[in-house]
Amino acid sequence: MQPFLPGLTRDEILRYSRHLLIPEVGLEGQRKLKGSSTLIIGTGGLGSPVALYLAAAGIGRIGLVDYDVVDSSNLQRQVIHGTTTIGKLKVESARDRMLDLNPDIEVEIYNEPYTSENALRIAKDYDILLDGTDNFPTRYLTNDVAVFLGKPNVYASIYRFDGQVSVFYAKVGPCYRCLFPEPPPPGLVPSCAEGGVLGVLPGTIGTIQATEALKVLLGIGEPLIGKLLLYNALDMSFDFVKLKKNPNCRVCGSNADIKELIDYEEFCGVPSHDHDEGSAGEGWDITAPELASRLKQNHLKLLDVREPHELEISAIPNAVNIPLGTLAARLSELDSAEDMVVFCKAGTRSTRALELLVSAGFKKVKNLKGGINAWAKEVDTSLPIY
Amino acid sequence: MATLKIPTPLRSYTDGQAEVVVNGANVAQAMEHLIEKFPTLKPHLYNGDGNLRPFVNLFVGENNIKDLQGLETLLDANARVILIPSIAGG
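Chains as they are written, first to last, in our numbering: chain H, 1 to 386; chain V, 1 to 90.
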């Protein structure tokens, strides 16, 4: 990939000896890796194993993009971070761990949201991009950046027990938009913050993603170009399907009409983050303290739209539980004349429930802003936050 | 008859079933049978006009039905149809 390959020091030869013993890598391959650069977008579940293994493998220059800070709820899966780095910037926490693992590499950090304004500037000097983001807008952005810059996009995504991996490289194969021309309508596909994810899943999928990146950089094996790997941890199944370039693709097709980066949040109809603190907007929200005082004064119906197993974690007394997925079919159980407050874990699902209720003619309904987590934080502090 | 593989995000609408055996000579009929068995799946797979949502991909074996005969793609008795949703978690 590079015309000039840097040499290895004596220490590096020892460090990478297990690579040097493999004929497919060898001294030349290790020098290729040292002369390579990768940009990892997202240092969360997928970014953790990707960054650790690419650092350990001796990729010479690794860029990290993330603007979040490490939170206790990350550590069930984001193994690059630790209890001692809670509250620290994720890019700094990840960089420090990577340099501890391998001080011979360079780690460049971008503590900023990855947006249409900065994405081309950040990505242009890296050989390949690794998509470890957690939301649709940034996935479409990452794809389009890779297509416009002519770079491979090593893609992976996860949800609960499912994982997907592919190498989208529009120069020689399909891109992400060839498979998914349009994002799902807002609210139809839950995020990991809402629906959860098995902690080890990003480990399995992220290490496959890192493997693909190494293969592309080394020019060995058969990278997943034109193929999509589908993994399911419950069935322990690996399915492969063929992907073809879509001649009508709007970014890489022959008559592509998207020639520059667009407003991806507008395109997807959702914000470019996976934080689940939902608000229904001006006039539709009620805060936890407001709800507490209203409940003391008069009768209010409380509708909990979480899944039944979540009630074991925390609950508000006298709330009726109708999970969001079944709400449309169970509207007849509710009285539209009654004052009602809808809530979920943090406000995202209840906002969608509120939209559904309003469209069905319910007028006296409000959304508990921040969900039961806000209630646990501000009213009933005996409840846990999850 | 065909076996339809259901991804985790949609299993809550198929009583947790990972694979559903459906009848149908082609993909359209197999999908109709799936919706008949599990009606609450419908809004997740079809839009208001009754068309398959663009983000839902159906593969017969390892081929996208868009690269075959679309919903008219014929299914043999051992056909395996995989439903691939868009997921974005990371």
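No wet-lab data here; the hints were simulated from the structure. Remember, predicted model here, so these are calculated numbers, not experimental data. From the three backbone atoms N, C-alpha and C, an ideal C-beta is built for every residue, glycine too. Be aware that one or more of the hints could be misleading.
[Stated by the list, open to error] Below, simulated DSBU-like cross-link-like pairs (lysine-lysine); rule was C-alpha separation at most 30 angstroms, straight line:
no., chain 1, residue 1, chain 2, residue 2
1, V, Lys42, V, Lys5
2, H, Lys171, V, Lys37
3, V, Lys66, H, Lys363
4, H, Lys124, V, Lys42
5, V, Lys66, H, Lys301
6, V, Lys42, H, Lys242
7, V, Lys5, H, Lys363
8, H, Lys259, V, Lys37
9, V, Lys37, H, Lys242
10, H, Lys88, V, Lys66
11, H, Lys124, H, Lys245
12, H, Lys124, H, Lys296
13, H, Lys364, V, Lys42
14, V, Lys42, H, Lys227
15, H, Lys259, V, Lys42
16, V, Lys37, H, Lys245
17, H, Lys242, H, Lys296
18, V, Lys66, H, Lys124
19, V, Lys42, H, Lys171
20, H, Lys242, V, Lys66
21, H, Lys88, H, Lys171
22, H, Lys245, V, Lys66
23, H, Lys259, H, Lys245
[What the hints assert, rightly or not] Stretch-level coverage of chain H by chain V, calculated; a stretch enters the list once three of its residues show a Cβ under 8 angstroms from a Cβ in chain V:
no., stretch
24, 75-84
25, 147-160
26, 233-244
So, going through the hints one by one against the coordinates:
no.: 1; hint: V:Lys42 with V:Lys5; verdict: 16 angstroms, holds
no.: 2; hint: H:Lys171 with V:Lys37; verdict: 43 angstroms, violated
no.: 3; hint: V:Lys66 with H:Lys363; verdict: 43 angstroms, violated
no.: 4; hint: H:Lys124 with V:Lys42; verdict: 42 angstroms, violated
no.: 5; hint: V:Lys66 with H:Lys301; verdict: 48 angstroms, violated
no.: 6; hint: V:Lys42 with H:Lys242; verdict: 26 angstroms, holds
no.: 7; hint: V:Lys5 with H:Lys363; verdict: 40 angstroms, violated
no.: 8; hint: H:Lys259 with V:Lys37; verdict: 44 angstroms, violated
no.: 9; hint: V:Lys37 with H:Lys242; verdict: 29 angstroms, holds
no.: 10; hint: H:Lys88 with V:Lys66; verdict: 46 angstroms, violated
no.: 11; hint: H:Lys124 with H:Lys245; verdict: 24 angstroms, holds
no.: 12; hint: H:Lys124 with H:Lys296; verdict: 59 angstroms, violated
no.: 13; hint: H:Lys364 with V:Lys42; verdict: 29 angstroms, holds
no.: 14; hint: V:Lys42 with H:Lys227; verdict: 28 angstroms, holds
no.: 15; hint: H:Lys259 with V:Lys42; verdict: 35 angstroms, violated
no.: 16; hint: V:Lys37 with H:Lys245; verdict: 34 angstroms, violated
no.: 17; hint: H:Lys242 with H:Lys296; verdict: 60 angstroms, violated
no.: 18; hint: V:Lys66 with H:Lys124; verdict: 33 angstroms, violated
no.: 19; hint: V:Lys42 with H:Lys171; verdict: 37 angstroms, violated
no.: 20; hint: H:Lys242 with V:Lys66; verdict: 11 angstroms, holds
no.: 21; hint: H:Lys88 with H:Lys171; verdict: 39 angstroms, violated
no.: 22; hint: H:Lys245 with V:Lys66; verdict: 11 angstroms, holds
no.: 23; hint: H:Lys259 with H:Lys245; verdict: 17 angstroms, holds
no.: 24; hint: 75-84; verdict: violated (count 0)
no.: 25; hint: 147-160; verdict: holds (count 5)
no.: 26; hint: 233-244; verdict: holds (count 8)
Consistency note: the structure conflicts with the earlier hints numbered 2, 3, 4, 5, 7, 8, 10, 12, 15, 16, 17, 18, 19, 21, 24.
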